[in-house]
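Protein sequence lines, in the order shown, are assigned to chains A and B.
The opening residue of the first sequence carries number 1 in full-length UniProt numbering; numbering runs sequentially from there.
The opening residue of the second sequence carries number 1 in full-length UniProt numbering; numbering runs sequentially from there.
FYI, nobody ran anything at the bench for these hints, they're computed from the structure.
No false leads were slipped in.
DSSO-like, lysine-lysine: derived pairs with alpha carbons at most 27 Å apart:
#1 LYS191(A) / LYS373(B)
#2 LYS172(A) / LYS266(A)
#3 LYS365(B) / LYS232(A)
Example chain A residues on the side facing chain B (calculated, C-beta under 8 Å, incomplete):
#4 GLU106
#5 ALA109
#6 GLY197
#7 ALA246
#8 ALA268
#9 ASP357
We put the beta carbon where it would ideally sit given N, CA and C, even for glycine.
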Amino acid sequence: MRQGALPAGLLAAGLILTGCGASPTTGAADSAPAKNPYAAYESLTGQERTSKLLADAKSEGGVLDLYTSNTDIQDLVDGFQKAYPGIKVHAFRANSETVLQRALQENQANKPQNDVMDTNDLELRALDSQHLLHAYDGPATAGLKDAAKNLGGWTAERFNAFVVGWNTNLVKEGQKPKEFADFADPKWKGKLSVEVGDWDWYASMHTYLTEQQHMSPAAADALFKKIAANVKVTKGHTVQGEQLSAGQFAVALSVYSHTVDKAARKGAPVAWRPAVEPVILRPNGVALMARPRHAAAALLWVDWVLGDGQRIIAESLRIPAAKSVPGYRDPIPPGTTTYSLSKTAETDTKKWNTAYDALLRGVPAAG
Amino acid sequence: MTLAPTSTTAHDNGPDAGPGSAPGPGADGRAGRLLRLLRRPLSLQGLLVGGAVVVVGYLAIVPLGYLVHDTFLSADGRGVSFGAFSRAYGGNSQSGEMMLNSLWFALGSAALALVLGTALAYVQVRTDTPFKGLFFAASLVPLIVPGILYATSWIFLGDPQSGLINSLVFKPLFGTSPVNIYSVWGMIWVQGLHLAPVAFLLMVAAFRAMDPSLEESAAMSGANRLTVLRRVTIPLLRPAMISAALLMFVQSLESFEVPGLLGLQNGIYVFTSRIYFVLRAYPVDYGAAGAYAIGLLLIAVLGVLLSSWLQRSSRNFQTVTGKAFRPRPVELGRARPLVGAGIILYFLLTVVLPVAVLVYASLLKYYAAPSSKTLSQMTLDNYRAVLDMPLAFTALKNSLIVGVGAATAVMILTAIVAWVVLRTKAPGRRLLDLLAFTPIVIPGLVLGLALAFVYLRMSLPIYGTLFILLISYCTRYLPYGMRYSSAAMAQMSPELEESAAVSGASWFQTFRRVLLPLMSGGILAGWVYILVVSFRELSSTILLYSPGKEVLSVLIWEQFENGQFTTLAALGVCMVVLLVVLVSIAYRLGARFGLQSDSAN
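One chain only, chain A, in its complex shape:
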């Protein structure tokens, strides 16, 4: 019987198609471009720089291709297009893992499609390690906080604050949690929630405990284990925020400050101040791609986002990277301990991701 003849031919054809060429996942695109596409502009400043960038951006086609995991990107796009009406921004939005995968795939295939990347720190670090980014050194860096600069190929444009949020009907005055370690108390059993994908929060918090509080890794693990025994695991920050408002649990251990602030502004019984320390600040950054299709537009965008655009970031209740934004009040109360992953910190995402998964399932971390 030639039972397999028909699919065998198809299979062979398919394998040839997928098998030839580079292997799908190995082989990094680490070929840094020989020529710096931004060279013509880097020495310029002030109006001269902006005029030249705008003119060249228009002659490039008046288009900017932006990849982003920033869910408030539309406000920035609108602001930019208002400032520079001749430039059209095409924003590809997806979660940070997808944005990363897409850029990696396109660069491996030698068909880079985007000019600017706007996503979370760990994804930017991953892209940078593949030499896909071009460090920004424009005039806007002068106005940025120290924590936002000198990060390698990317620059922080805003910070997301992971805070502990609570439902004010369920957590009364006087019972408010003060420190993260308090949540190990069995009285919180079943009243806490974490989100299943927040391993980056876990990485920061764990590193904070060992680096700043000088806990031994074993002691930090033991603390997390006790806390994990008290938590309910949810999926998705939006649903988590809504469940917190509805009182399905008392405390969310890892929510964004702006999620709580937006809900509170609408009247929901939620709060996060006075903050349970530490507040984890996760830089979200912007980066020029090393091989842009529209170099002038890319530079124009980054100049703007790190300059005038900071005002829009502040309006969406995020924490801007600029030292000062007119009319902006820092949502984090003065004197609050904050923490960001240090530049030397362990950023092996696979390790943290695996450890967080094991923590939530209550199994030993060693896999």
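For chain A, the structure is supplied; the task is to place chain B on it using the hints.
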């Protein structure tokens, strides 16, 4: 068994006779027919059949090849390795326990959905039940509501403390709060209800294509209603039931929406939570993800083999023969009000409650249990926000184009391939059947990566256009189309084609004028299913879409990722309304173009 309908064909062997039996002359004839077709590659038939087979094979093999390549490639990139399997299943992965959870969840959901869907379809097609009109659209609503929204509605209904069912019904009446949605039973309930339309659509088509005279003969011979149901009706529907069960079982094994939202709270982890974690890390361990997918694939292959074994005597199911028949409704008599009440109760539970929660949430500023305060503060702001989304209309247009395109392409392709699988003796036809089923186990992200990989390296301008989404959806829904088409084809007796051929019709004429119209119920059901689910496909879409080519699921994702649940609810309500209208139009058009309805033949 004496179920085979009266048939006057001369062939002794069904087309799917076991490998041990000698092929009969008819089978040879059919194999010869295919060979003749293939020998005339430039004829219309040759092009159609060959083209469909090649396209289906190509669609299925691209992601499968990518997956297999990544799974078995050793770390140095040269040899073959099974390391991915130990990474995926070994160590602290608890894979055994999770597998059991998954199987329990998937079996329970598939069983619940099958029972519900079949019962509903029977009542809809074969009885003179009241509320027929309402019935059909309402049956599909759970399918239309995106999974994340359906599960979230149930959270607000079935939370043990604050859920509305507990706080508004059980607490005041009985003083207890027995409903806990965060349990395996809660997960099965939600998933089962969400999947019931898959079974419903398939079974409606199957019931419509069934000759009631068989049941009447049984009744005349003295069998009571239950016996008729057990010995005649259900056995006749076996191909459709097996197809539905298989689809729903594998789909439940593969889904993470319900287990993610409901199971995690009490630490009920399923298999797919492993895939979820693996795919979030960087660098992604595609080998481990592939090892999980191959685990699912083995289960799915067993299912497909089991189903073709159960259908081995295919003649037993061929209810559409040369004899005309007219499905006549069973008169319910005194049971009619009871059935009517049951239907109302069912819709109250599966449609009205969850959709009402969505509508209610969509009118609020933030979710809170109903009270005079929340009711007085209701607003349409969320709907305004949806309409103000700059991409709403682009996304709607693109979703429609891709959804209709994928549904049409898949159903045409699978109708032809189902014919090849069920009607010819072509070598490798079973493998083709299996191959067409494999996309169901490929994680969406892996499918997206496979397509990106191939089309980034192709000079045709496909990457970055809507076309790549179309290809992705065609691949993803191929298994569904295949099940819908082959369930419809299995009911058809070959004598009809033979009569057409004897009367001088060409293959294409026979296919277009005889087979397609007779299969139209099943094909339309598959078309509707694909259209509806394509509106919410996200996992491969999110990697493959391009700016300016957004689809609705991307907007839903944005709101889900970091937005307002109330706005998300408003978006969901708009989608439900839109799709109910679309589906109704599809069935109206279907009726105009000769689709069998329940009253006419």
